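Participant: Chain by chain, the residues:
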Amino acid sequence: RKEVEQDPGPFNVPEGATVAFNCTYSNSASQSFFWYRQDCRKEPKLLMSVYSSGNEDGRFTAQLNRASQYISLLIRDSKLSDSATYLCVVNVLPGGFKTIFGAGTRLFVKA
Amino acid sequence: GAVVSQHPSRVICKSGTSVKIECRSLDFQATTMFWYRQFPKQSLMLMATSNEGSKATYEQGVEKDKFLINHASLTLSTLTVTSAHPEDSSFYICSVGTTMFYNEQFFGPGTRLTVL
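Protein chains in written order, with the numbering used here: chain X, 213 to 323; chain E, -18 to 97.
Just so you know, the hints here were simulated from the structure itself, not pulled from any lab data.
Please note that the accuracy of each hint is not assured.
Straight-line distance between alpha carbons at most 25 Å, and here's what the computed DSS-like set of lysine-lysine pairs gives [what the hints assert, rightly or not]: (1) 1/E with 214/X; (2) 291/X with -5/E; (3) 257/X with 291/X; (4) 310/X with -5/E; (5) 1/E with 322/X.
Partner residues aside, some chain X positions facing chain E, computed with beta carbon under 8 Å [stated by the list, open to error]: (6) 241; (7) 315; (8) 323.
Covered, in the sense of this in silico footprint (three residues per stretch, anywhere, with C-beta under 8 Å from a C-beta of chain X), are these stretches of chain E [as the list claims (entries may be wrong)]: (9) 0 to 6; (10) 22 to 29.
Just so you know, these numbers come straight off a predicted model, no measurement behind them.
Glycine included, C-beta positions come from ideal geometry on N, C-alpha and C.
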């Protein structure tokens, strides 16, 4: 079982749609959680951190459920520019800091 | 966030040659930098953790004698791919972690290595 698993995708949605990405992690000692965005042939860029209370940034909402070891990202009113790969990222701290990336979910937003 | 640069952005070399990739933290003194590799349509895989002034910590399965890491200053880490082979062709990305606990990472723009 992978340490961080994401929806395999790709997701093809029309502009204006709401899309949700899911991610699960296996290590209960995971400490911090992020969503990154990666455009084709580019480096990942931080989209948002994920907090236990949930957090929102404009059209993006992230949720964390520690009991279920589950993270989600919701994008409302999708734009063409949202097309990218979304990476779920988990930091495990005990035993030494280690960052684990999910395989990513590709999103295509079409006009 | 931290600004990270990498050089070169793209390199094509012959099999058997060595390639050095530089990672610079432009506005942040980074005691720790990370090196990742990403093959097409796959996720980033951590290769090693680069520690300023000491030896790098390599992930399981990564040959330390093949991927030489030097972190001689708080702003520069280098990765040298020695005796490169076509299977080493990949996207190499470095990153800097900026906080102790939450450890957001800021990535360099990556270096695309093609070994012929």
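Participant: For residue 310/X and residue -5/E, compute the direct alpha-carbon distance and say whether it is at most 25 Å.
Facilitator: violated (33 Å)
Participant: The hint names residue 315/X as touching chain E; please verify it with the least Cβ-Cβ distance against 8 Å.
Facilitator: holds (4 Å)
Participant: With 8 Å as the cut and Cβ atoms as the points, is residue 323/X at the interface with chain E?
Facilitator: Result: violated, 25 Å to nearest chain E Cβ.
Participant: Cut-off 8 Å, C-beta pairs, minimum 3 residues; does the coverage of the segment 22 to 29 of chain E by chain X stand?
Facilitator: Since three or more residues must qualify, the claim that chain X covers the segment 22 to 29 of chain E holds, with 5 doing so at under 8 Å.
Participant: Is the Cα-Cα distance between residue 1/E and residue 322/X 25 Å or less?
Facilitator: violated (40 Å)
Participant: Is the shortest C-beta separation between residue 241/X and chain E less than 8 Å?
Facilitator: With a closest approach of 14 Å, the residue 241/X hint is violated.
Participant: Is residue 1/E within 25 Å of residue 214/X, Cα to Cα?
Facilitator: Judged against 25 Å, a Cα distance of about 32 Å means the pair is violated.
Participant: Are residue 291/X and residue -5/E close enough, with their CA atoms no more than 25 Å apart?
Facilitator: Violated, because 42 Å separates the two Cα atoms, which is more than 25 Å.
Participant: For the pair supplied as a hint, residue 257/X and residue 291/X, confirm whether the alpha-carbon distance does not exceed 25 Å.
Facilitator: Given that 25 Å is the threshold and the Cα spacing comes to 18 Å, the pair holds.
Participant: Can you tell me if the segment 0 to 6 of chain E counts as covered by chain X, using C-beta to C-beta distances under 8 Å and a minimum of three residues?
Facilitator: violated (count 0)
Violation of the numbered hints given earlier is confined to hints 1, 2, 4, 5, 6, 8 and 9; the remaining hints are satisfied by the structure.
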